[in-house]
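2 protein chains.
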Amino acid sequence: MAKLLRVNMTDHTVREDEFPKEWERFGGRGLSAKILRREVPGNCDPMGEFNKLILAPGVLTGTAAPTSGRTSVGGKSPLTNGIKEANAGGQFGQKLRRLGYRAVIVEGRTKDRGTYVLTITSKGPELIRADELRLMRTYACAEQLGKNADKRAAFLMVGPAGELGYGNASVAITDLDNRYPTRHAARGGLGAVMGTKGLKAVIIDDHGTIALKAEENDDYRKKISDFVTTWRGKKNAYAKGTAIVVDMASEWGNLPTRNRRSGSFEGHSKINADAIFATFETRGGGMHNCLAGCIVQCSNTIYNEKKEYVTSALEFETLALLGANCGVDDLDAIAEFDRLCDELGMDTIETGAAIAVAMDGGVLPFGDVAGMRNLFAEMEKGTPLGRIIGSGAAVTGRAFNVERIPVVKGQAVPAWEPRTLRATGITYCTSPMGADHTAGLVFGGTKSWEGLAVKSRESQIYNAVVDSSGFCQFQEPPMEAIAGFYSACLGETISKDDLRNMGWEILQDEWAFNRDAGYTRAADHLPEFMKVEPIPTNKMVFDVPNSELDKVYDLNAK
Amino acid sequence: MAKLLRVNMTDHTVREDEFPKEWERFGGRGLSAKILRREVPGNCDPMGEFNKLILAPGVLTGTAAPTSGRTSVGGKSPLTNGIKEANAGGQFGQKLRRLGYRAVIVEGRTKDRGTYVLTITSKGPELIRADELRLMRTYACAEQLGKNADKRAAFLMVGPAGELGYGNASVAITDLDNRYPTRHAARGGLGAVMGTKGLKAVIIDDHGTIALKAEENDDYRKKISDFVTTWRGKKNAYAKGTAIVVDMASEWGNLPTRNRRSGSFEGHSKINADAIFATFETRGGGMHNCLAGCIVQCSNTIYNEKKEYVTSALEFETLALLGANCGVDDLDAIAEFDRLCDELGMDTIETGAAIAVAMDGGVLPFGDVAGMRNLFAEMEKGTPLGRIIGSGAAVTGRAFNVERIPVVKGQAVPAWEPRTLRATGITYCTSPMGADHTAGLVFGGTKSWEGLAVKSRESQIYNAVVDSSGFCQFQEPPMEAIAGFYSACLGETISKDDLRNMGWEILQDEWAFNRDAGYTRAADHLPEFMKVEPIPTNKMVFDVPNSELDKVYDLNAK
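Residue numbers (this note's numbering), protein chains in the order written: chain P, 393 to 950; chain F, 393 to 950.
Since the hints were made in silico from the structure, they are not lab data. It is possible that part of the hints are untrue.
Chain copies aren't distinguished; within one or between two, either way the pair holds.
Unchecked claim - Once the Cα atoms are required to be at most 30 Å apart in a straight line, the calculated BS3-like pairs of lysine-lysine come out as: (1) Lys-413 to Lys-503; (2) Lys-923 to Lys-503; (3) Lys-539 to Lys-515; (4) Lys-413 to Lys-699; (5) Lys-931 to Lys-515; (6) Lys-662 to Lys-615; (7) Lys-503 to Lys-931; (8) Lys-950 to Lys-413; (9) Lys-413 to Lys-515; (10) Lys-395 to Lys-888; (11) Lys-632 to Lys-943; (12) Lys-543 to Lys-950; (13) Lys-539 to Lys-626; (14) Lys-627 to Lys-503; (15) Lys-605 to Lys-698.
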């Protein structure tokens, strides 16, 4: 019998509930939305005792379905004040499922200002006070937790940013080796929800458990081998990681540069995939997978000139936001900042966007690597300046009275430029997640905006399904294939259409939460400067009318 | 023919428009709402070029109606992101009306980052660049402006807080003598709207104009003398100023103390009206009126031990928020902070609330006068810490991860405690102005919450009328009397019921603006701590159900 694990941080108790049968088909993002809709008042204080933090692996997570091990982190976002789901790789979700849990629900808020660690093993869950971990960096925390844990134990944790309540705070999950906290459920400031509740880390040790039932199913195993065969026959777009798109993005006017004053960066070739691959040859590092069973292997490991490990993975979004957008073309500096974001437990997108806004406001010059290094130190120390930057791009922009504040619903716009990619801009405007490319990244839209809302809507539905399954978006699993896995795993026939309906239901749940939170269509817009200030190279502004945005909310609109 | 003066800060032009006939009955707050509804998109960026700042005297302002000279400042608030009106005394409004203007509409946003002064005389309006005034304190600015202006010229201006874009920034108007910038349209951060547009000050010189037509009307003159006779026959509740309520507030659990951990302050007798009156005897100062024709004379003038002028007026809200709420019982220190708020152009409520939140978050101890002095210096310098505090209580609370953040719709709760005065709490929840006692302060509500919504609604309607008339709320003019003045002044019969309908229409305009801004009923609530943390002395929490709040929006509900 599947279980829900409830952790109450107010009275420091843990409890196991039966997993509701009616949610069987929902995992990850979809399950998180179901729980939040039922249990959390939409207009509660995201940092208060009525918000909850949900840790939910996908429907297929824990099985051998390829690259299906992602864990969703959900809650009401301190950045958007709406519902939020962010997911990450690593081994956490697979182990949680093998221990029989469909989700962990962290409730309440500690009154004693203590720091706690939740341990989940086959012997059951336990909440332990661990004040010695307070404000510890994530790498050191993982090392510390590892001292008393089985080698197979994975960790999920917040860094100092989460404990300080920063809007840019992520939730970190350890890598394939269970020791490097490099996978981040990064967006929406959910790390601040976890940190404020007083939960520093979760240790998960599935030692002594057996594989999930689905594994023993011949049909399921066949579906896996067919899927892998098809995948191997295609070109892997992510063989060089997400950095592969840096050049193309710059050429298209899609690479945010100097707080989005431009969409093209003259230093793009210093921070692209070729530059990263050059380090593999001379220093070490290379491509790898972030979780067991991954066939995409998009993740890179970056070494410095001394041939020492620096960070993993250096993604396109990080190269764009902490690089081009801050006017920085120094790959080693960006790798260092990526590591610092991992160490402090921070979203590289929100952090890079906030720093660029501060640069635009004259706090430090664009391209000032030493100044950026100092900002990370200020964030770690919790100085007033550090707290402003850590609060994200919206607060930073307001604090320094900056005109150009690239946020939607309080959350920083990801690299993919909505003035150029207008369908993605429609996603940023309408997604229950705020400006989030993983909610519905759609290429195209440079010629006409007509028909783009439908593309955004369908992409949003698809991504809601993928983010509920446990699959990685980079694997781009066709709906047909996901339906096959679901059918075999759940023991009932689930069609492509069923999945599409489920995706739509998830979006409806999320939009309903946001309505309860106080959101209306009035917030469905990009920042004003994107409507009047064109990208210099392609002269584009975001000019999609509201009548087109409406079509996202209407399943019948063409 | 009445005029509207339009000032475009983008291209630095001024223009006179005919005042729309259909708005004849609306002035001040009501007129500001009409203009904003027609001309400003509800969901625009309050700091952007599409927001407008409205300066609107009341319907009766400029006539000899007693205490009718108030000026409303309106716009979309950077604090609440909704519509905002704040009004102040001083001579500005009377002079603006005598020059034939019903309102000044400041549009656009300067692109050259220049500092501008608008001069309005009988020769017409003129916008002049005056970079030498940038970030100048208000007293020095008034002195500077006075050097080249007629003695009868009044000034309206922002201090450094407005120019730095702070959420606590007020709009200052000079006093009866036209030189001390002590009257503040304080709430909602409207000074930041003015400052960001690039407008530092408005000089108004009505030299050469004649009294308004209403003055020559025998009926009007009789209404005035009758009203004054009635007033003189009553006890003036404000004869000792608003400080008179300090003791009562403390006794009732209504005096916010140490970031509202308590509602009673052990040091209340050191900061009450008697303490203020004692300074009159030994140092000088006393009671006076803030504008010509005032019969209330609630304003005090405070001198220091050296018998030097410090500030005017030291109000109850200031004594509460910068005093008790910060744990300060030092009257001289509070007077000094009041002067600093005037000098920097800041709302004493928002500033005091933000400092108390910072104290609660451990930034400085409660009662730390030297630390508070330093915070004012930080705000003036625009340091990161100063910018956090200047951004108001909501940002301060989030930046320092404080649990107890007393704001509604982003704006600090005034002194009057909504847990004790639950009808006033209903006003804070439902008013289009956010937490604002001048929108509908209702005493009582300590026994049962039933029937309180109707009291709040009727008070909100009444205050919308008063704040549109130009009358001071402290004069408490009966609707009957206001109707008489309107009828005589406008030359058409206006009944008490007409006025009530106008008040309701103003609220409807404002709520409609807020709906366009994205507000729903989901934001109609007090901060969570006020629902669960009782006032220690009277054990009260805010427990009014939504079904009761609904009645504010329904004119027929009982």
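Do the hints match the structure? See the list:
1. Lys-413 to Lys-503: neither (34 Å within a copy, 60 Å between copies)
2. Lys-923 to Lys-503: between (45 Å within a copy, 17 Å between copies)
3. Lys-539 to Lys-515: Within one copy only: 19 Å inside a chain, 82 Å across chains, cut-off 30 Å.
4. Lys-413 to Lys-699: neither (52 Å within a copy, 78 Å between copies)
5. Lys-931 to Lys-515: The answer is neither: 61 Å in one copy and 44 Å across copies each exceed 30 Å.
6. Lys-662 to Lys-615: neither (42 Å within a copy, 80 Å between copies)
7. Lys-503 to Lys-931: For Lys-503 and Lys-931, only the inter-copy Cα distance (20 Å) is at most 30 Å; the intra-copy one is 53 Å.
8. Lys-950 to Lys-413: For Lys-950 and Lys-413, the Cα distance exceeds 30 Å both inside one copy (35 Å) and across copies (46 Å).
9. Lys-413 to Lys-515: within (24 Å within a copy, 79 Å between copies)
10. Lys-395 to Lys-888: Only inside one copy: Lys-395 and Lys-888 sit 27 Å apart there, 65 Å across copies, limit 30 Å.
11. Lys-632 to Lys-943: Neither: 36 Å inside a chain and 62 Å across chains, both beyond 30 Å.
12. Lys-543 to Lys-950: The answer is neither: 53 Å in one copy and 67 Å across copies each exceed 30 Å.
13. Lys-539 to Lys-626: So Lys-539 and Lys-626 fail the 30 Å test inside a copy (42 Å) and across (79 Å) alike.
14. Lys-627 to Lys-503: Answer is neither: 53 Å inside a copy and 50 Å across each miss the 30 Å cutoff.
15. Lys-605 to Lys-698: Neither: 47 Å inside a copy, 86 Å across copies.
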